[in-house]
Structure formats: structure tokens, C-alpha cells
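Engineer: One letter stands for each residue in the lines below.
Protein chains: 2
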Amino acid sequence: MTETCTYPIAHLHEFVRRVFMHLGVPKADAHQAADVLAAADLRGIDSHGVARLRMYYDMFQIGRINPTPQPTIVRELPGTATVDGDNGLGLVVGPWANRVAMDKADQVGSGWVSVCHTNHFGIAGFYVLEALKRDLIGFAMTNATKLVAPLWGTERMLGTNPIATAFPGLEEPPIVIDMASSTVAYGKIEIARRKQAAIPEGWAIDADGNSTTNPDALIEGGAQLPLGSDYAHGGHKGYCLATMVDVLTSVLSGANWGPFAPPFALRQETPGRSVGKGIGHCFGALRIDGFIDPDEFKRQIDDWIRTFRQTKPAPGTNGPLIPGDPERHAEAVRRTEGVPLLLPVVDNLRFLAKETGIPFE
Amino acid sequence: MTETCTYPIAHLHEFVRRVFMHLGVPKADAHQAADVLAAADLRGIDSHGVARLRMYYDMFQIGRINPTPQPTIVRELPGTATVDGDNGLGLVVGPWANRVAMDKADQVGSGWVSVCHTNHFGIAGFYVLEALKRDLIGFAMTNATKLVAPLWGTERMLGTNPIATAFPGLEEPPIVIDMASSTVAYGKIEIARRKQAAIPEGWAIDADGNSTTNPDALIEGGAQLPLGSDYAHGGHKGYCLATMVDVLTSVLSGANWGPFAPPFALRQETPGRSVGKGIGHCFGALRIDGFIDPDEFKRQIDDWIRTFRQTKPAPGTNGPLIPGDPERHAEAVRRTEGVPLLLPVVDNLRFLAKETGIPFE
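Protein chains in written order, with this note's numbering: chain A, 180 to 540; chain B, 180 to 540.
Hints are supplied without guarantee of correctness; some may be wrong.
Since the list gives no way to pick one copy over another, a pair counts as held whenever it fits inside one copy or between any two copies.
Claimed, not checked - As a list, the in silico DSS-like pairs of lysine-lysine whose alpha-carbon atoms are at most 27 Å apart: (1) Lys367 / Lys491; (2) Lys491 / Lys374; (3) Lys206 / Lys367; (4) Lys367 / Lys456; (5) Lys491 / Lys456; (6) Lys206 / Lys312; (7) Lys456 / Lys374; (8) Lys491 / Lys312; (9) Lys312 / Lys533; (10) Lys374 / Lys312; (11) Lys367 / Lys533; (12) Lys491 / Lys206; (13) Lys533 / Lys491; (14) Lys374 / Lys206.
Hints listed in this document are in silico derivations from the structure and should not be mistaken for laboratory results.
Computed from a prediction, not measured in an experiment: that's the story for all the values here.
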């Protein structure tokens with residue numbers, strides 16, 4: 180059993196907001212950024228919540244992130260835009276650009292926004308949940324520091340490049356999809372390493388391109404594999420998905436694509452070449468009533484969910500989940516019982532409390 | 180070595196066109212449908228070309244497909260539409276609806292069209308290649324007869340639900356992505372069955388939901404697995420992709436979603452319930468110049484392609500391919516040397532020649 184300390188979400192949100200303000204981020208932006216990190220902690224995506232605050236802090240300290248960005252639309256049509264994030268926090272630039280996409284969808288039915296000159300934006304799922312509040316189907320993608328090899332490659336060339344979308348039900352909770360295009364999240368490999376445990380075949384290769392079950396071999400110069408792992412199981416498809424995300428987020432916006440995406444953490448290698456500005460995101464939004472009566476759509480989604488819940492279970496399982504179930508269950512528990520944090524994460528927050536003078540406990 | 184006969188693509192195109200016309204399809208529509216099937220045969224996607232003509236023929240013969248559809252826009256905004264395909268050939272309705280999406284993108288920058296009351300539309304890649312001709316980034320998806328189990332399910336609930344998109348280069352050929360959301364194409368399992376060969380673990384489950392390497396076990400009541408295969412390797416992600424395609428194509432348009440998608444071939448089971456009209460497609464289009472100067476975009480795509488071609492190869496490989504390479508190579512060969520067809524496919528075409536009086540050889 181791993182040791183944890185548990186904190187109310189409001190407590191974590193407040194601490195994050197104050198740390199960002201200490202770093203020069205305006206109050207409203209700091210609040211927005213805290214909302215995005217809190218969404219990750221609530222939904223059980225522990226790698227993307229307050230566990231990352233120290234990394235954001237370090238990047239601010241060395242001047243890599245602009246605390247007072249003025250995002251701008253540098254090119255647009257009624258249903259498209261490119262946003263320059265002015266090197267702001269992705270947690271601030273992302274929500275800003277997502278609103279542009281949603282406003283455009285409100286106007287003409289569909290809005291797509293590609294974003295350059297930005298930084299890591301938290302969980303992709305946050306953005307599509309925002310779209311649901313406006314009766315829109317949202318899409319969110321981002322590229323990220325290289326970690327994944329293309330099928331038949333030995334080098335890290337792509338990020339874990341996630342895709343998210345969500346569909347509202349009427350009486351049922353929404354279908355929420357938020358998935359990396361790699362076989363697994365990097366966090367799962369870090370957990371195995373901490374436990375000195377082997378990882379399954381198909382997750383990673385070592386620095387020579389050979390399949391490995393040793394998490395150290397990945398971390399020391401190896402690479403993650405794309406969803407599908409090998410050719411026989413569709414590893415080319417995960418590579419295709421990562422490529423799609425890379426182009427829509429970063430080639431389309433003028434950001435750094437592929438292996439040139441700048442690092443998120445100090446310990447990561449800085450690419451030798453720059454082909455654009457910052458990393459890239461892409462947001463899409465579709466008005467449901469541009470296609471179908473929204474209530475009819477939601478009734479059908481309810482029916483879809485109930486139909487799939489009745490699928491005959493595979494042996495040894497309770498049957499299929501609906502996308503978004505695990506995160507919704509986590510949120511229900513954590514809203515009342517608090518967010519459990521691993522001790523190394525707590526230590527990082529205590530370090531930040533000491534550095535900034537903002538009380539943590 | 181499997182025996183084949185080889186035919187010039189023009190010969191196959193002409194035969195397909197005349198068979199569709201014999202079935203009452205107007206000349207322009209028959210030509211369009213032949214274009215879509217020919218694209219599959221040229222690009223080496225043998226399962227989706229003339230190999231399917233017999234199935235289309237059978238469906239026409241029993242009145243399941245309308246030879247003279249009048250597709251209509253039943254709801255729209257400047258950047259969205261729902262199209263009712265009037266139960267026409269997907270090979271005719273698909274290109275019609277794709278043009279609506281592209282026209283909307285021309286007008287406002289992004290156009291998204293969901294289509295109900297349609298039938299199988301051939302290869303998804305055809306539609307995004309059409310978008311490239313108009314300097315648009317296209318997206319194409321379709322649902323299909325159930326064949327794939329959701330992760331942790333034992334029943335067929337979803338089709339192989341493909342996604343396609345393409346990005347143009349300036350001097351380099353385009354990146355073309357066209358992938359099913361299942362681990363493998365159904366055709367690969369049929370090939371293994373014909374050879375009495377085992378299939379890899381991770382492709383399929385038997386009727387009891389257990390992993391199987393016997394292709395017969397899949398065909399006799401089993402199911403294919405989603406991309407990722409099992410939970411450890413991201414099978415929930417393939418299930419999420421198939422879900423996204425199912426909702427965007429079929430819930431959004433009012434078509435039959437999930438297990439209720441009507442069958443494509445006579446031997447397939449007819450669902451006990453109907454929740455909409457026909458199957459569903461979804462087409463998207465984005466104007467590149469709504470985001471970035473198109474020449475700059477294409478130069479960056481060239482750079483992307485050249486960068487990825489230089490990836491250090493994995494042991495025993497020649498290094499990563501660029502998405503679309505295999506299909507482009509097939510097309511280069513087949514345009515000059517002709518399309519090799521397996522003898523059972525040739526037999527089907529001879530059968531159709533006899534039935535219709537249209538000469539095949």
C-alpha cells in the first residue's frame with residue numbers, strides 16, 4: 180500500500196491559485212489555471228493535477244513561461260482561427276482558445292482553433308467538459324514533449340498526444356473520452372519503476388529499439404510505443420493518431436511539431452532545433468442543434484449508454500464501462516472525501532509552501 | 180502463393196459502372212460509385228473494391244438499396260449539416276455529403292456533415308483525398324455492421340468504424356491516414372481462415388468471450404477486439420475511438436448506431452431493433468488558409484515527412500513509414516501493371532457478367 184495524505188479539493192485549489200499569483204499570474208488567470216489542475220485531481224488523473232505544480236513553478240522561475248500573456252487571434256475565418264498564446268501557461272491559453280472555438284461554433288455551427296506558442300494545458304478532458312456546459316460537442320488535442328517512437332522507429336519522435344471529446348446524455352451522465360495515443364500513460368511506467376516492477380511487453384522499447392519490460396530501459400533513452408504496440412496489433416494506427424494530433428495542433432498553428440516540441444520539465448532534453456513557437460493545441464466545437472434536435476440526441480445517447488451497459492460481460496469482468504465512468508466515480512468520491520496525494524507530491528507542495536511563504540497545511 | 184488474375188483498372192472501372200447502371204443507377208452516379216471502388220483497388224485495399232460488387236448487387240436485387248436516391252439536407256447551419264441519403268449507395272451518398280462539408284468549409288472555414296439513411300461508402304481514404312484536391316483537410320468516418328466487442332464485453336456491439344484524414348505536402352506526397360478502430364481489418368481474419376492459419380492473440384474473442392487464435396471461433400459467434408486489444412495495452416482506447424465514430428456518424432445524424440447498424444451482406448444477421456435510418460457517415464473539412472498560409476503549411480509537412488523518414492530504424496526494419504506510403508506504392512504499381520484479383524473475386528465478377536449480360540473478359 181502506497182502512503183498518501185488526503186486534502187479537500189478547495190484547499191488544493193486555493194494553494195495552486197496563490198502559488199500562481201505569487202509567480203505573477205493575474206488573479207483571474209490563476210483561478211482558471213487552478214480550475215484545470217483541480218479537474219485532473221478530482222477525476223483521478225493524478226499525474227496532471229497538483230503533482231505538476233512544481234514543474235510549472237520551475238518553468239516560471241527560469242523565465243520559460245510568460246505569467247501575463249495576451250493571447251491573440253492571428254488569422255481567422257468565421258469557423259476557424261489560429262491563436263498565438265504569447266507563451267502563457269497552457270492552463271490559461273487553452274481555456275481562452277477553447278472559448279474562441281466555442282464562440283465560433285455558436286456563430287456558424289462549427290469552430291476549430293489551432294494554438295501555437297503555448298505550454299502544457301492539463302487534461303484534455305477539461306476542455307470538452309466546458310463544451311458540454313454550452314450544449315456543444317467539444318474536441319481537444321495537444322502535442323507534447325517527445326516520448327513515443329513511431330512504429331518501426333527507435334527514437335522518441337512524438338508526444339503522448341491525447342484526444343478528448345464528450346457527448347451529453349439527458350438522464351445519463353455524459354460519455355467522456357480522454358485518451359493518449361500511446362499504449363499507456365507515462366505515469367504508469369513511473370509507478371512501475373518506483374515499485375521496481377516489470378512492465379508488460381508492448382509498452383516500451385529500450386535505447387536500441389528492442390522490446391523491454393524494464394521501466395528503467397525506457398527512462399534511460401528508450402521510448403514508449405504507440406497505441407497498438409506492434410504491427411500485428413495495429414501499432415501503425417496509434418502512430419497515425421499521434422501524427423494527426425501533431426499536425427492539427429502544431430503544423431497547422433505554427434508550433435514546434437514532432438521531436439521539436441519543447442520540454443515541460445527541467446530534466447528533459449531541449450531539442451536541438453526549433454521549427455515554430457512553443458507547443459500546440461487544437462480545439463473543436465460543434466453545435467448539436469446544427470445537426471439534430473439536442474433533446475433527441477441526448478435521448479439517443481441515454482439509449483446508447485443503457486444498451487452498452489447491457490453487453491454480455493467478458494469472463495472475469497463486470498462488463499464494459501462507458502467512457503468517462505472511472506473519472507466520474509473518482510470525482511464523486513474525491514469531492515466528498517478529498518484528494519489523496521502521494522507523499523512525494525506532498526513533499527513538493529511543502530517545498531513550494533516554504534519557497535513562496537504560502538501556507539499549505 | 181495465392182493465384183490471381185490481373186486486370187487494368189480502367190477495365191474494372193468500366194465493368195463496375197455498367198453493372199451499377201444495369202441495376203438502375205443513373206450514369207453519373209454509377210461513374211461516381213466506380214471511382215470509389217477503383218480507389219480501393221488501386222490503393223491495395225482489396226477488401227473494399229470490386230471484391231464487394233457482388234454484395235452491392237445482392238443488396239440491390241432484394242431492394243435494400245435505392246438506385247435513384249435524392250439526398251437532402253434536413254438541417255443545417257453555415258458550418259454544419261445533416262444529410263438524409265435516401266437509402267442510396269454509400270458510394271454515391273458519401274461523395275455528395277462530402278461535397279456539402281467541403282462547400283461549407285469553403286464558405287466559413289470549417290464544415291461538418293453527419294449522414295443518415297445511407298449504406299457502406301467504400302474506403303474512408305477516398306473522401307479525404309477529394310478534400311486535398313480543394314486544399315482542405317478532410318475527415319471521414321462511418322459506422323458499420325457490428326463486429327467488434329467493447330473492452331470487457333463478449334458481444335459484437337460496434338463496427339470496425341474507421342477514421343481518415345490527410346495533410347498535403349508541397350514537394351512530398353501527402354500524409355494519408357485511413358484506419359479502422361479495431362485491432363485489424365476483418366479481411367485479415369478471413370485470409371487466415373482460408374489458409375487454416377492461427378491468428379495472433381489480441382485480435383479476437385470466441386463466443387464465450389475468451390481470447391482465441393482460431394479464426395473460425397471469431398466467425399462463429401465471436402467478436403473482434405478494439406485497437407489496443409486488452410486493458411493493459413489500451414483496448415479501452417480503441418473502444419473509445421469506435422464510440423466517437425459511432426456517435427458522430429449515427430447518433431448525430433439519426434442513423435442506426437452500435438449493434439443496430441443494418442447488415443451489409445445477405446449472410447449477416449439483421450438487428451432485432453431499429454433506432455434510426457440506415458447506417459451513418461460523418462465528413463469534416465477545414466480550410467488550411469483559415470489557420471496558416473497553405474504554402475507554409477505544406478513546407479512544414481515536407482519537413483515533417485523528411486524528419487520522420489530519418490528516424491533511427493527499429494532492429495530488423497527499414498524504419499518508420501509515413502502514413503499513406505503503402506497505399507501510394509500500391510497505386511503506383513497497379514496503375515501501370517493492373518490490379519491483381521483473387522480467383523474467388525474473379526468468379527464473382529464472372530457470375531455478375533453472366534447475370535447482367537455485361538462482358539467481363
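Engineer: Run every hint past the structure and note whether it holds.
Structural biologist: Against the structure, the hints:
no.	hint	verdict
1	Lys367 / Lys491	between (29 Å within a copy, 26 Å between copies)
2	Lys491 / Lys374	neither (35 Å within a copy, 31 Å between copies)
3	Lys206 / Lys367	neither (34 Å within a copy, 57 Å between copies)
4	Lys367 / Lys456	neither (30 Å within a copy, 43 Å between copies)
5	Lys491 / Lys456	between (49 Å within a copy, 26 Å between copies)
6	Lys206 / Lys312	within (23 Å within a copy, 48 Å between copies)
7	Lys456 / Lys374	neither (38 Å within a copy, 52 Å between copies)
8	Lys491 / Lys312	neither (33 Å within a copy, 45 Å between copies)
9	Lys312 / Lys533	neither (38 Å within a copy, 59 Å between copies)
10	Lys374 / Lys312	neither (40 Å within a copy, 53 Å between copies)
11	Lys367 / Lys533	neither (30 Å within a copy, 60 Å between copies)
12	Lys491 / Lys206	neither (51 Å within a copy, 46 Å between copies)
13	Lys533 / Lys491	neither (54 Å within a copy, 45 Å between copies)
14	Lys374 / Lys206	neither (39 Å within a copy, 67 Å between copies)
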